[in-house]
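Undergrad: Read off the chains here:
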Amino acid sequence: EDKVVQSPLSLVVHEGDTVTLNCSYEVTNFRSLLWYKQEKKAPTFLFMLTSSGIEKKSGRLSSILDKKELFSILNITATQTGDSAIYLCAVGSGGSNYKLTFGKGTLLTVNP
Amino acid sequence: ETGVTQSPTHLIKTRGQQVTLRCSSQSGHNTVSWYQQALGQGPQFIFQYYREEENGRGNFPPRFSGLQFPNYSSELNVNALELDDSALYLCASSLDRGLAEIYEQYFGPGTRLTVT
Numbered sequence: 001e002d003k004v005v006q007s008p009l010s011l012v013v014h015e016g017d018t019v020t021l022n023c024s025y026e027v028t029n030f031r032s033l034l035w036y037k038q039e040k041k042a043p044t045f046l047f048m049l050t051s052s053g054i055e056k057k058s059g060r061l062s063s064i065l066d067k068k069e070l071f072s073i074l075n076i077t078a079t080q081t082g083d084s085a086i087y088l089c090a091v092g093s094g095g096s097n098y099k100l101t102f103g104k105g106t107l108l109t110v111n112p
Numbered sequence: 001e002t003g004v005t006q007s008p009t010h011l012i013k014t015r016g017q018q019v020t021l022r023c024s025s026q027s028g029h030n031t032v033s034w035y036q037q038a039l040g041q042g043p044q045f046i047f048q049y050y051r052e053e054e055n056g057r058g059n060f061p062p063r064f065s066g067l068q069f070p071n072y073s074s075e076l077n078v079n080a081l082e083l084d085d086s087a088l089y090l091c092a093s094s095l096d097r098g099l100a101e102i103y104e105q106y107f108g109p110g111t112r113l114t115v116t
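These protein sequence lines are chains A and B, in that order.
Read in the working numbering, the first sequence has 87 at position 87, and its numbers run on one by one without any break.
Read in the working numbering, the second sequence has 17 at position 17, and its numbers run on one by one without any break.
Because the hints were derived from the structure by calculation, they are not lab data.
Just so we're clear, the structure is a prediction, and the values are computed from it rather than from any experiment.
Worth double-checking, as some hints may not be accurate.
[Stated by the list, open to error] Here are the computed distance ranges between Cβ atoms for each label pair:
{"id": "1", "chain 1": "A", "residue 1": "T20", "chain 2": "B", "residue 2": "N79", "range": "42 to 48 Å"}
{"id": "2", "chain 1": "A", "residue 1": "K67", "chain 2": "B", "residue 2": "G28", "range": "26 to 32 Å"}
{"id": "3", "chain 1": "B", "residue 1": "T14", "chain 2": "A", "residue 2": "T20", "range": "42 to 48 Å"}
{"id": "4", "chain 1": "A", "residue 1": "T81", "chain 2": "B", "residue 2": "L83", "range": "33 to 39 Å"}
{"id": "5", "chain 1": "A", "residue 1": "E26", "chain 2": "B", "residue 2": "S7", "range": "33 to 39 Å"}
{"id": "6", "chain 1": "B", "residue 1": "K13", "chain 2": "A", "residue 2": "T109", "range": "30 to 36 Å"}
{"id": "7", "chain 1": "B", "residue 1": "Q41", "chain 2": "A", "residue 2": "T77", "range": "25 to 31 Å"}
Heads up, the beta-carbon is just placed ideally off N, CA and C, and yes, glycines get one too.
Isolated chain A (complex conformation) (with noise of 0.2 Å):
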């Protein structure tokens, strides 16, 4: 059966500080890793990887893949009040039937 694990489940900082989240994963016939922030409902796409050792930023928010040893990592830096989520990693799966797996999420909570 198909596995990611996250950790840490909950995370409490302040602002400005830099934050690590990690995925690790098991699942046949890997595709892509994607990290989602969730805020209220809808969980908002942020990166999707696909090879590597390829890293993806977008602002503050850089993650990398490590195929190799089955985990990617979720930075941020420069931490603000708005940051505070759950954060989302989800593995892309199957072939035809492409499928999500999703592991439980990080709670961080950015105080000021």
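For chain A, the structure is supplied; the task is to place chain B on it using the hints.
TA: Just chain B, lined up with the frame of chain A:
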């Protein structure tokens, strides 16, 4: 460009009843996936529809069924509701070009279902 929309936003049902949730995919998208998100958990894959046919299913019983219409909108039907069906139901749309590509899924705001 119109995003993914879902209706209703909230719903309260009684155990044993049936429910239908609706999803309109993002403009230009042809694939819809449904997920169940219980409190404190990540979304769990229910099934996916592509070209009006079910194209992959997670570990959910047959009382969870769906439809996709020619305009790519979709319905999720749940029969014989149980208390454990209380959750946020998310629909995600994507564009599958049929070339075995990898594509992002974009989520709607979800329907919060409470079964009492």
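Undergrad: Would you mind marking each hint as holding or not holding in the structure?
TA: Now for the hints, and whether the structure bears them out:
no.: 1; hint: A:T20 x B:N79: 42 to 48 Å; result: 44 Å, holds
no.: 2; hint: A:K67 x B:G28: 26 to 32 Å; result: 30 Å, holds
no.: 3; hint: B:T14 x A:T20: 42 to 48 Å; result: 45 Å, holds
no.: 4; hint: A:T81 x B:L83: 33 to 39 Å; result: 36 Å, holds
no.: 5; hint: A:E26 x B:S7: 33 to 39 Å; result: 36 Å, holds
no.: 6; hint: B:K13 x A:T109: 30 to 36 Å; result: 33 Å, holds
no.: 7; hint: B:Q41 x A:T77: 25 to 31 Å; result: 28 Å, holds
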